[in-house]
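**Q** Construct the complete structure from the given sequences, taking the supplied hints into account.
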Amino acid sequence: MNPIRVIESRTVLLPRENIDTDQIIPARFLKVTDKAGLGKAAFADWRYGPDGAPLPDFVLNRPEAQGCAVLVAGENFGCGSSREHAPWALHDYGFRAILSTRIADIFKSNALKNGLLPIVIDAASHAALLAAPGALVRIDLEAQTVTLPGGAVVKFPIDGFSRYCLLNGVDELGFLLGQAGAITSYEGAR
Amino acid sequence: MTTPATPRTLLQKVWDAHLVVAETPETPAVLYVDLHLVHEVTSPQAFSLLRERGLPVRRLDRTLATMDHSTPTLPPLADGRRPYVDAQAEAQVAQLATNAAAFGVELHGLGSEAQGVIHVFGPEMGATQPGMTVVCGDSHTATHGAFGALAFGIGTSEVGHVLATQCLLQRRPKSLAVRVEGRLPAGVGAKDLVLAIIARLGVGGGTGHVIEYLGEAVRALSMEARMTLCNMSIEAGARAGMIAPDDVTFAWLKGRAKAPQGKAWDEAVARWRTLPSDPGARYDRELTIDASSLAPMITFGTNPGQAIAISALVPDPAGEADAAARASLQGALAYMGLRPGQPILGQRVDVVFVGSCTNGRLEDLREAAAVLRGRTVKARTLIVPGSMRVKRAAEAEGLDAVFRAAGAEWREPGCSMCIAMNGDRIERGQYCVSTSNRNFEGRQGAGGRTLLASPATAAAAAVAGAVADHRTFAEVRP
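For the record, the sequence lines run as chains B and G.
Per my numbering, the first sequence starts with residue 1, numbered consecutively.
Per my numbering, the second sequence starts with residue 1, numbered consecutively.
In case anyone wonders, no lab produced these hints; they're calculated from the structure.
Computed from a predicted structure; not experimentally measured.
Be a bit skeptical, because a hint or two may be false.
The following label-pair restraints were derived from C-beta to C-beta distances [unchecked claim]: (1) B/Gly94 - G/Arg51: 35 to 41 Å; (2) B/Thr145 - G/Gly111: 55 to 61 Å; (3) B/Pro63 - G/Ala102: 45 to 51 Å; (4) G/Arg404 - B/Pro56: 45 to 51 Å.
So, partial list: chain G residues that the calculated Cβ filter (under 7 Å) puts toward chain B [claimed, not checked]: (5) His161; (6) Asn303; (7) Ala446.
C-beta: ideal position from N, C-alpha, C; glycine also.
**A** Given below as structure tokens:
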């Protein structure tokens, strides 16, 4: 995993509430046995019509959305299933951060393991972002701040250990494997 | 540290007993996993990770696999081949068989007498037990909380962590007590109860929490019904739902293949009896529901929180004060093709699905059969048992004959039309009353419209070809 420090990007907006993992990646794309190339399937039923042609009105298909790495989404983004294919698809598509007022637990946990920052911000900051589509934002993971379109800097919470892993590009498995001694003594004591 | 004198919740007791390393402000807890359930969709990349790093599965005795999501529910063809929806689905199922063989994982695959939907299969094996931590790469792992286990869904990276270390890095979740006071009225069951709870909490209302279901109405539920209730905890955003184990739990578990036997059983029961929350234990949040006021429930929208009593009218977005909630409701009604203020009773239904980890157990099939017996379906009706054991038991008491006589399709076990990965799906624009757990857009097939309900309500819709109140059916038996 590549270390993440700062993300600077224009935003793309999906203000709808409760965007579930079946919208992020429909289940028919889950029959894969690897994780590469799932960006094509991100929001597939919103991006493409029944004939497979892109729907020009959908925000991700508009020219100004191209290259945006920050998605601002409505409350409770990522609810539903535990499919890690959701962050795999979003990351492969090019997103590096999701900003919302609430992000579902399992999605958040999965995103943190895949270099996709799940950032929960307050309602006022969220409203400011929704009022300025395509605005340039700056996310500083080390400082845990988002610089809003008007220049205001707001803090966001993130688990300290996840932050450490993201900043250093290390994964949790290495840490867990390092606990082998403690795991063995726990097993022995039961 | 919690001193023994401090009253603890069920969640806290299970959590404390599984701490390999306690959490600190800098690092999450290292939490031990007692049972890891594995299926074909969320495991291939995890086994690949083990291969890349040259790691074995740490505890094969705590790892159990079956196949359910991508598997066909039509029987094998004359040449013995199974009718997979496509080569990719077949390859994914084959990959699990390959991985299980290569790593030594106990797999109950297609053709075995234990195969089934993973959350039906685990309890049937007696593998799910009170006080355990249970995980699976599937959000409906919450089901197993019905036994007083802490059970939650994980992503594929974490599937890899558990395969390699039998542990997960976790922060302790908050606790939410849902007290269901009084008794459920006749004709109102666990599915109606959980839809009512999600409607109250909202689909994000349980985020960050583990729900414990308490109260007279919960104690009165059968094991199957408790599984239905805990199963949908995730639909309120809670990763897990739990019910304290009691004699109902022990009676259900006793004698199952992986349950303790003999003296070990008695010791286990004695230990399990210490699990219920202590009097005076504190929860981070509490919600009380009056069971006696509930009616059969059905969803009208595109998330499980958009549920109403069967006799109620579809809500009007104009009545929503909050702009985002209003937009969300408008969007849901537009997708569903429903009008504000219309009765949900009488709404056309094209397809009915009875099955899934929510409602694919024997008791659910009996409930559907009670309505379908001696009647004929007007909607296409798919009845999919949750496991081979459920299928055999249903056939032994003649339920398959009831379904076939009514004109319904009786299938092989699997997730089927709940997630529509295996080719079992509805068409664009169709309405499906489904006993599954999610009515998200396109969940049962692109453009399809799902109304979630109980097996009895689904069966009534099948007969009427429209949304109907199953309680009135009981009175006018042919």
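**Q** For which of the previously enumerated hints does the structure constitute a violation, in increasing order of number?
**A** 1
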